[in-house]
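J.: Since the structure of chain A is already known, use the hints to place chain B on it.
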Amino acid sequence: MIALTLLMTFSAVSANAQSKDRRKSFKSWDNYEITTEKVGVDGTKFVKVWGFGKTVDAATMAAKENAVHACIFRGLPGCATAMSTPPICPNPNTLETHEDYFQTFFAPGGPYLAYVSMTTDGVPSGTDRRKVKGGYKVGIYVQVMYDNLKRKLEADGVARKLSSGF
Amino acid sequence: MIKKIFISALFIFLLLPAASGQEKVKEVVTSNYNRNSISMVTVLRGDSYDSQATSAVRYYKISEKFDLNSLKTRTVRVSKTRSEPIYQSEVDEVVNKIRFAPEILASIFNRDANGMMNDKTILYRGNYDAKDQDVINARAARVGTDALGELGHALVSGSYIVLTDFSKIERDTDQKGNVHWSTNAQAFAYKIGLDMDTLNDFYEKCWIYDDDTDAVKQEKRLAFQNLDIPMIPVAEARTSSSASKLEDAMNSCIGDLIFKLESRIPAWEVAVTIIGKRPLRAKIGTKEGLRNGDRYRAYSYTEDSRGNLKSVPHGFLRATEISSNSGMSIGETEPSKFYQISGLANIDEGWTIKQSNDLKIGVTAGLRTGGTGGTGIGIDADFLANTSNVGTMSYFMLSGAFDLSNADYMPIQFGIGFAYGFHLTRFVELAPYAVIGLEHIGYSSTDSSEDRFMRESAMLLEPGVRAAINVAYPLQVVAKAYYDVLALQGSTYKMYNYYVGHKSGLGFQFGVKWTF
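Protein chains in written order, with our numbering: chain A, 15 to 180; chain B, 3 to 518.
So here's chain B without its partners, still in its complex pose:
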């Protein structure tokens, strides 16, 4: 008995590291990226918003990184009031009832009413997806570049459907009569459950040839109708938006949903290798939907003495100059350029970089002193608008500050601005900036006149310099030096400010910044 227990324990002890090792191997980030295809499907609720939802989804412009499969089924119906969100199980039920997988195959293989199919789309997609290495390999092989289209067969398994649902659609009208629409949205992504064996089986049983007898053709049509290929749920995303038009709010939601799904479906994240330094270059571009400022993460690889491969994450980098590569590769694709923004190690040739989406929004919070006066809290948000090869970055800013030393009058500052950052090294950014806004001194009052707010405010101009140092990206410590200029003071502001004592002056802020 003891012997059995000992052997079992030993077996488990030996098995655990092996299982753990397998897990690690699975987690290796590779540079293998192939184009995926998607179909957008709208979830209908049976109310008056159905047509707008369908229209928004149908006409949404999907990123160039995806191929589109045009399906017969573009809408599905979920019987639930729009005031409630729908759940994964409810969508699963609907998706399982509809034969999405055969529809996808019918679209990809251009299946006609007689069940005849062709491989034009597959060959086109294979050629379009081919990388420079594929082209060079094809030239070195006897089959030649004509066979590049065959790569398209492997892309069929990268077919997805994205079901989009809008809920809690609300219409508000303010006192001035302006209309605002708000909506929640959810997206459910499903992948076709098809591997190469299933695909070969499909070719064998469903592909009709011209010289097939009528009986065989009928048999293959029947086989196609009886295809049982599942759609596998892979990710879900939620968001909400508001705008003056419902269509705009819906469009904004769809963009955000696709953005979130990209981060949750690893196969959608573009991966490629660095082919050169100074500046960093990689062979991706418009074909992969790359845009200025897009964030990627670098990985190198190590192999231990047992041959286990491990990807080692390094710093982040942002796309700077985007190459227009939307065409068939001829083996000489022009690379896009990147700038490294973090990481102790210099990103090297041959390393893999993988898409790592962020909102490009940095939020800074810190303590302020000086400026118009007093001590308070400053909160800024900046949106990265542009990044250059040499590391200069343009930001649009929203700035706010609260004077805590005058709680009775609650002086606040807010404004919009622009900053232009220079990277002294990738760890240190120095950004001159300018903010224009208002300083408002509020006080409880029965005054309800329309211009009350402006009378209680003064124009604020804030030129300054911001220094940000990477601590552990995306966390930075930030120091700001600025000069607050108060101008065009409202009458009530002047009166309150007699007690508050704010005036133009030099100020400093120290805090931290997190980039989302």
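Pulled out of the complex, with its shape left as it was, chain A reads as follows:
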């Protein structure tokens, strides 16, 4: 009985700590590299983005999250053949204001996955798959359904429509 109580207490503390960790990392989520590869087909952005994780799969998922995060909060840099893209939510307070929304949006297997497709041929490979301290750093090519993402955030009241200013 004592053992069961201890186990339950430990589980509760652990879950709470994980939630706090995630919340903390969510706010400091800015440390990743992203480059625009080329002009994407209509309504999409074609980027190369890096992610970190304990395994290659986890790093790949992190890279996908980063790609969507960049479209929403950071914007995309330009390249030789493409102009830079401003963020969907340029207001720096958006994340704090809608934190619960984005916690759900970026949850594992969350809605963000509907707006990003990996276009890397097979698994991240070659110099795009690096063993680093604590795990792997991978670079993947992704296509972000930028226009759809923007429409979704506007519909959910997170991003402002262009017409709302008039």
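Everything labelled a hint here was simulated from the structure, so no lab data went into it.
Keep in mind that this is a model prediction, so the values were computed, not measured.
Just so you know, even glycine gets a beta-carbon here, dropped at the ideal spot from N, CA and C.
Accuracy of the hints is not assured; some may be wrong.
[Claimed, not checked] Below, simulated SDA-like cross-link-like pairs (lysine to any residue); rule was C-alpha separation at most 25 Å, straight line:
1) LYS279(B) <-> VAL137(A)
2) LYS279(B) <-> THR133(A)
3) LYS52(A) <-> ILE231(B)
4) LYS339(B) <-> ASP142(A)
5) LYS356(B) <-> ASP142(A)
6) LYS68(A) <-> LYS339(B)
7) LYS62(A) <-> PRO281(B)
8) LYS62(A) <-> ASN36(B)
9) LYS62(A) <-> TYR205(B)
10) LYS145(A) <-> PRO281(B)
11) LYS147(A) <-> SER313(B)
12) LYS52(A) <-> LEU153(B)
13) LYS279(B) <-> THR69(A)
14) LYS145(A) <-> LYS356(B)
[To be verified] Some residues of chain B that are not near chain A, with every Cβ distance over 12 Å (derived):
15) SER81
16) ALA140
17) ALA217
18) ILE231
[Unchecked claim] Estimated spans, in silico, between C-beta atoms of each pair:
19) THR95(A) <-> SER326(B): 54 to 62 Å
20) PRO100(A) <-> PRO232(B): 42 to 50 Å
21) LYS175(A) <-> ILE332(B): 39 to 47 Å
22) GLN220(B) <-> THR95(A): 30 to 38 Å
23) SER131(A) <-> ILE332(B): 12 to 20 Å
24) GLU221(B) <-> THR95(A): 25 to 33 Å
25) VAL392(B) <-> PRO122(A): 33 to 41 Å
26) ILE332(B) <-> ASP44(A): 35 to 43 Å
27) THR95(A) <-> VAL473(B): 51 to 59 Å
T.: The following block gives chain B in isolation, referenced to the frame of chain A:
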């Protein structure tokens, strides 16, 4: 003063690791491989062998991994007798006198007599070189797959010329009247000294458009004639060969020279990533000149806290099943299969593999005991003929043995054979084999009859099993167990063997093997 010295010392101390770090970054092996183009040029010496040398070089079939640039200049002349080899400086002098770079550009851009050029070859090569990732990227981009041909512009800087020279050509005739030719050969590889800036400059100054005025056209023709693009020496190789026909010896030399140059020019070594395991698979094949048994080395990558990238070498692997990919990529290239032959770590998906040519020849040397009798030295050479997905390997063997315990009669064994290896793991190979040959017992004698050798010999059959264990690839320790059968003994052999005492029997050999 002391302060200055201290600051200088500190500066050097801080600079050295940085320089060393830069060196390491340069050494990173990557999977970036693009097709190269070459032109074969013959070095003439002004003698009767010139035509054969030219013919051998011109008709040599170059590996499919290269595109060919057809140049106006296919021969160069070096004034030196063929009995002497030529040196790099002499070839440099000749190459600098000829405008090879403009010839290469003229070939790639199909330049006609009026100076008009087109990009048909470039677009074709760009499409042909495109990998699956390029195709997928192009589909995700607005420009689409029609733009894949543009990749061809980057291939221009991968243009090479290979000058081949033959020297010391000798003709020998043996007592039976059989003719043997032998020749030495050298190859000198040069790369076009062209980067993207120079190429853009070339487009701007030399590309003639239909609507250019006559004056502009003339100006661009002149600019082309005055192009000053160097050819940079990148590698040299030497070899020699002999055959019953000079053409065969020359052909053999050219093949060997290209093989050696491949190992000395990193850009010629095919690199690709592993896309799957069990069996290991990678998207290369006939287009890259891949053949069964070709050896590759695997690399993974690490990044330190400062962001420095490092390629970490792992084990070797051999190509087993070659895919026919000689066509334009549509994003679904069929991969070739490989078998890992060394390395502690299992080669993983996403790792880079890079061509690491070897001769596929293993040489074993060891001590023998038993067999026909006595203690001696055994030396075998085997040539890897085939490798399969499950690690079975076929070898052709040359076998030799010397009985050191009967030095007066010098009994030797030699034969040819076949071995079929099974890999229990990648570290351990068990290969049943069979050798057929002769055991010869020689003794100083005035007998000069033609059949003397056969009378002093007996037929030898040697079935056996060879076990090889990787120590530090390509070094292996080898143990052999075999049964020597002596048959059809010659009359003199029988007489000598009365003193030597060789007979059929079980034997063992222990030694080491090195694969070249």
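J.: State the violated hints by number, sorted upward, taking the hints as numbered earlier in the document.
T.: 3, 6, 7, 9, 16, 19
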